[in-house]
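Sequence order for the protein chains is G, S and U.
The first sequence maps to residues 1 to 503 in our numbering.
The second sequence maps to residues 1 to 323 in our numbering.
The third sequence maps to residues 1 to 153 in our numbering.
Some clues are possibly wrong.
Claimed, not checked - Heads up, simulated DSBU-like pairs for lysine-lysine below, C-alpha to C-alpha not over 30 Å straight-line:
{"no.": "1", "chain 1": "S", "residue 1": "K141", "chain 2": "G", "residue 2": "K137"}
{"no.": "2", "chain 1": "S", "residue 1": "K218", "chain 2": "G", "residue 2": "K137"}
{"no.": "3", "chain 1": "G", "residue 1": "K137", "chain 2": "S", "residue 2": "K156"}
{"no.": "4", "chain 1": "G", "residue 1": "K137", "chain 2": "S", "residue 2": "K189"}
{"no.": "5", "chain 1": "S", "residue 1": "K156", "chain 2": "S", "residue 2": "K310"}
The hints are simulated quantities; they were obtained by calculation from the structure and are not laboratory data.
Letter by letter, the chains look like this.
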Amino acid sequence: MDVLSNLALGFGVALTLKNLTYCFVGVFLGTLIGVLPGIGPLVTIAMLLPITFGLDPVSSLIMLAGIFYGAQYGGSTTAILVNMPGEVSSAVTAIDGYQMARQGRAGPALATAAIASFVAGIISTLLVAFFGPLVGKWALEFGAAEYFSLMLMGLVFSAVLAHGDLVKSLAMVVVGLMLGIVGTDVTSGLPRFSFGVVELLDGVGFTVVAVGLFAVAEIVQNLARTEKVEVFTKDVKNLMPTWADIKAITMPTLRGTALGSFFGALPGITASVAAFSAYMLEKKLAKDPSRFGKGAIEGVAAPEAANNAAAQTHFIPTLTLGIPASAVMALMLGALTMQGIQPGPQVMTSRPELFWGLVASMFVGNVLLLLLNLPLVGLWARLTQVPYRWLFPAILMFAAVGNFSLNNSAMDVYLCAAVGVLGYVFAKLDCQPAPLILGYVLGPMLEENLRRALLMSEGSFAVFVTRPISLAFLLVTALILLAMIVPTLRRGRERALEEGDAG
Amino acid sequence: MNRWASRAAAAAAIILTAGFSGAALAQAGYPDKPIRLIVPFPPGGGTDILGRIVSDKLSTTLGWKVVVENKAGAGGTVGLDAAAKAKPDGYTLVIAQTSNLSIAPSIMSGLPYDPVKDFSPVRLIASVPLAIVVGVNSPIKSMGDLVAAAKANPGKLLFASPGNATVAHLAGEYFQKIAGVKYTHVPYKGTGQALPDVISGRASFFVASIESATAQVKAGQLRAIAVTSLKRAPQWPDVPTVAESGYPGFEAITWFGVAVPAGTPAPIIARLDAEVSKVLDAPDVKERLNGKADVGPAEFAALIKSDHDKWASVVKEAGIKVN
Amino acid sequence: MKTRLLDNRDFLAGLLFITIGAVGFGVALSYPFGNVQQMGPGFFPRILGAILVGFGVVTLVRGLRSGEPVQGGWGWFPLAVITASLVAFGWLMEHVGLVPSLVVLIVSSAYAGREFRWGEVAVLAVAMTLLALSIFVWGLGMPYELFAFEFGR
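With these hints in hand, go ahead and build the complete structure from the sequences.
Written out as structure tokens, the structure reads:
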């Protein structure tokens, strides 16, 4: 296996004028639709699919992939500027990114997102190139028990690291878990909490929840301020991150990349889970966790790195095993199939130009994205200067049309409005939305895999500890819990929280 | 006063003419506005791709404007319901499949549409057999082995399916009934997490569409032990059918077809049928659909009926209930 | 300082949690519970509902003790207007097409703001409608009718 000569072959393919053009078109479109909330890469790729029939397979794959990871870049822009996660995975970025924008630091926040995404994109593409086939085999080891233990670890992490009041944060996680239950139960097929509404049989969509909870609730909060407070600071401080900023984001970016690359390689785990995990890890490691949620630059860098890394490593199970890691990846496989190429392990040997051309194009695409996004930072940051009374109807327009376009159904708009009301009430009662989103994302996977693991083991809990990977996750979870109980650490946490409340 | 009267007269005249010649006009000028093709699933899935192939071809070869509208939700129920309630003027088509027209009535008590009364079938466009696959290291090499293993350990084999009440799930239940064996159903959400479990042997066997397992079979990670169509699948000529493995008549296929709301004028249905048939004859479409599956309105209606009866009895005996 | 119950932040939060938990638990009673080996669809929601009620009680009691009030007033007016705008948009989209729906959404939601100037809002409505059309309809080719007026659908 000579990775370097393969990469050379790949660059030979990716750097032809034609493929460069398709790569650029892909990342450009991706950025654009990422910025627009509601329209995700899934819809865009599906719409463009018929056009790709005329292209040769490599070009179409390069373009479609560009749309996908380009959207991860673009999604952060809307999240930071208007607190509306344009992409599922940028919901986390919105937490601290939006606060930075309000403090006049929209420029550094956007630049941080772009830089972190770039670094993560390059590193994880290297991982795909060098370890793709290996990681692919390893991902086969992940069964229901492993997924359950991993989800459990994530939830315990979230509880320990919750922002603000611990009990209320835990309660919000549970509310999220219950929201995630809405819809048809995977294991039994029974519809739950759907109240006879047909549209609820598939559950409440992520965009619906994220846009309602963040964007709609935020608009109402801003409009309800009786005192005349400007939402954004008038002066936009320097656009580019300072040296101190760069130093502050270096390690979070690398850690986010590592977590994102890991999660991305597992089928069924979305980039948003990776982003959440990275965010929580940074909060845990920070000297002063109370800064998080109030404009901590690490809180932008880590999740952005994680979701972009995950977007690249999603291609590992997809291309090396033919197992789609997500809906978008399933679509890519569909595109390949229609081109007459059976995706799977044999693609790497029978059509090396396809695999390596794509990998090389990801390097190219990430560079293009950085070149495309950094100059735009100034332009986007000016957007915060637009008077709010013009801005909020525009945000609402995107929220409404975006949600409607999900299923071409008004139900998603109604649900979004309802979630918005709930989100506003929660915000007034000082209950954080982030734990709710996390519970909502992890809950269904947690339940599904727990029940599947027990079904397959005939009710024996031993599977969770006899399988080494699962055992490792459980041990880490136990360690975290133990650390929680150790009183000195606990007191440290309380002190940090008090400082946070005072500040 | 005069003005109003003349306007009213003109309006009445228009309405009258429209009433008399409506049907004739509809055929002569059909289609004189964009046709919407409802795909009851989200963009990107198999149904969507089929829909886009059909709309693309109709648009490019005939110059019609056929717009795909994804109306997803509840396994297609939302989209089918929208189509059922649309005006039956030939400007609303829907891609329906086995689960929508033949299975849904048995498993959903609150089904908002009636598959027979609310739709006129136009043309069957594709029929996809299912594959029964096992991990390559599994001792099971044929349907005979599968039955023997299930008989040796009743209820111990784990039967993975891509979801509750899918054709694949019902096919597995159907086989249990026919072969007189017992295994445990493990539903997944699609194929993403199921494939690793089957490849590594954590699940005993997996029933899913041929497409979803082809890559792994080719790569030597999965072994296909049977297909569920009556005849062998063209893409897998070496894999026996369940029927020829000792269960004659066993058939479980997912079919897709174009339907219109009931009440659509017969000439328009005939025209659509003819045009869709031409689309299916195009060589590139034939290649993509892996052989032709098209039958016209009458046979399509018969298929809906016979599959409905078959799955209703399976659902009843297996005690599957979704809503 | 004693806070009225209706202004007591944590008391209200606790009440909300208890309500959601209790409703969830109650609805889940109709789903089979199963057992630990073969969990039914009612297992998870009932456990979660019970836990949420528990958290709710703790939050409520702590609210009674601390008496922390809700920060700032409630913005019922903007909340109602924004929610109504969204609902109206959804309904209109299915009945009169994209353009009128957008105009209604923009104009009515702008009404929730502190400053409402007809001229400005008109310009905004036109600009936003054009923006939405160019992105969603012309750019992405989404199959929306601009003007439908089909109430029968």
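Consistency of the hints with the structure:
| no. | hint | in the structure |
| --- | --- | --- |
| 1 | S:K141 - G:K137 | holds (23 Å) |
| 2 | S:K218 - G:K137 | holds (16 Å) |
| 3 | G:K137 - S:K156 | holds (27 Å) |
| 4 | G:K137 - S:K189 | holds (21 Å) |
| 5 | S:K156 - S:K310 | holds (26 Å) |
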